[in-house]
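Asks: Just need the whole structure built from these sequences, with the hints factored in.
Protein chains: 2
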Amino acid sequence: MKTIVAGVDIGGTNTVVGLVTKDGECVGQTSFSTQSHSSFNKFLEQLASEISKLIKSQSIDYSLSGVGVGVPNGCYNTGNIVDAVNLKWKGSLPLGSGLESYLKVPVIVTNDANAAALGEMLYGGAKGMRNFIVITLGTGLGSGIVVDGRLLLGSDGFAGELGHTAVKAYGRKCGCGKSGCLETYVSAPGLRRTAFKILADSNEPSALRNYSYNQISAKQIAHLAEQGDAISLEAFEYTGAILGMKLADVVAILSPEAIFLFGGLSNAGRLIFEPTKRHMEKNLLSVFRDKVQLLPSGLSGENAAIIGAAALIWQDLDNN
Amino acid sequence: MKTIVAGVDIGGTNTVVGLVTKDGECVGQTSFSTQSHSSFNKFLEQLASEISKLIKSQSIDYSLSGVGVGVPNGCYNTGNIVDAVNLKWKGSLPLGSGLESYLKVPVIVTNDANAAALGEMLYGGAKGMRNFIVITLGTGLGSGIVVDGRLLLGSDGFAGELGHTAVKAYGRKCGCGKSGCLETYVSAPGLRRTAFKILADSNEPSALRNYSYNQISAKQIAHLAEQGDAISLEAFEYTGAILGMKLADVVAILSPEAIFLFGGLSNAGRLIFEPTKRHMEKNLLSVFRDKVQLLPSGLSGENAAIIGAAALIWQDLDNN
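Here the protein sequences come in this chain order: A and B. Residues in the first sequence are numbered consecutively from 255, following the working numbering. Residues in the second sequence are numbered consecutively from 255, following the working numbering.
What the hints contain is simulated information worked out from the structure, not anything from laboratory work. Wrong hints could be hidden among the right ones.
[What the hints assert, rightly or not] Below, a list of computed lysine to any residue pairs in the SDA-like style, where the Cα atoms sit at most 25 Å apart:
no., chain 1, residue 1, chain 2, residue 2
1, A, LYS307, A, GLY345
2, B, LYS422, A, ALA423
3, B, LYS536, A, ASN340
4, B, LYS531, A, GLY425
5, B, LYS536, A, ASP410
6, A, LYS422, B, PRO529
7, A, LYS422, A, ASP402
8, B, LYS342, A, VAL541
[Stated by the list, open to error] Some chain A residues close to chain B (C-beta under 7 Å, calculated; not the full set):
no., residue
9, LEU406
10, CYS430
11, ILE507
12, LEU539
Please read these numbers as outputs of a predicted model, since none were measured by experiment. All C-beta atoms in this analysis are idealised placements derived from N, C-alpha and C, irrespective of residue type, glycine included.
Replies: Laid out in structure tokens, this is it:
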């Protein structure tokens, strides 16, 4: 019987489950709506049942070695989800222990950015690297930090909250309750906020002036920027400047050999990479200049989150 | 024959050498002027000779196991001092390999803040802690970061340059060539700069108005603040606000269980601790609130730097 690991990516809308081999290949996948259940226990029950069904549906006979779960506000140390803003169930949710009691295999939980970082190290562009950072750019900004070959978890398992470091005192309101957090500037919604501020301040004609705030997406702003829309281009320049300055600070603290940009906004390619790299270099202490690579994720987009989550277990099996 | 380790603290003015036992006791000490020699090699020669003489002068027969050196811009990975702004010898100086060839024992070099952090872990207030940070507050601001029981060195050995992260774009000129670095606000000279800015903006009577910029020290500003001088008190409040905000960001990234303030400015006690703690808590992400201790160093001030430097070797011997 071949051993297999389940990788789970819990998002506010969908939960995706995949079966991942030791080589990082996703051999089967399914998904279901995350919040269709009234209680967290019912959700847990369905998650366990979906994993079991997925294994049974394969043509090969697999034995499940463990489940890795990436979820916003997932805590590595406790296995709990704590105060996740994008889930309707509040407080501390015992995801790890709950799933273990259903499936009788080890479950490791962490936030989605940490999972992405482990996936990058085992199967992506960070193979062989000992010190690197993965920045996830989506509806928020997450970060997974690897120090000396190991995930940086901190004293309570919550390290890596780069998205909630300060850009500006009394800056933009953040979902976390604070103001001026990095993710209010650098994320898909952050880009939109920036575009609308620039639009309001300038006289420049722009296709953006025909969209409502609720109509336009970061992807569309990227599309307009590619067509030469000046305000959209300026919004990317500003976003890259803020991210680049913050990454220069992060380099001064952690001295990584590479920083990977992962997810949604990173797909804008040169539009986000070029200004970010330029402003990072400009703000780096001289000892770090021209040393740190800024790279796109080496994981294929569609299954990246699942493969990263499964890597939590495969790395653990490797180390034992 | 009893084994002993030499701890060396190289400052811009004096170099202090001590012999430190495994229990962190300093049994002998000497010092000499750092920059009296025209060449770095002559300095190395004297350093080696001072260590040998110090061992011979002891009543007990000691065998030297190694030398740990704390020096600004000292690189753990290479053993070199790189572009130290407070030394007259420029470029990359081969301190580790040079000293090894004189003394024929292992030499470990790192910056003074990393040495302080190891000292704190082995002999000070961080005994038993796995994740903590030491902030050195003197003429600059240094930081030594311990992650999961090990010094965070980063890919090139230069991690921990918190003093050169950004407080303000286009802020105060820094010795590193950048502007707005944390250490231009939070350090002994930073406090003086702040006091003189507040003094210029306000009408408040203050004893500070009788001193020239070159006359007044951070220690004197602390003394005036203790006597109730309003501008001096406001300078500490501002310094603590800047440090507290930055520490909240550092906690979000690293999630330490404690942060220690070490050296010069930390001796101002409540004047610096109280506003720093208050502004740190105010800016923390909710998941980190009321969790992180802000503590004075547990090492006795006078020999702390030497004991920390020696800890580099003692920890290494312990791990082998």
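Asks: Output the numbers, in ascending order, of every earlier hint that fails for this structure.
Replies: Numbers 1, 7 - these are the hints that the structure violates, sorted from lowest upward.
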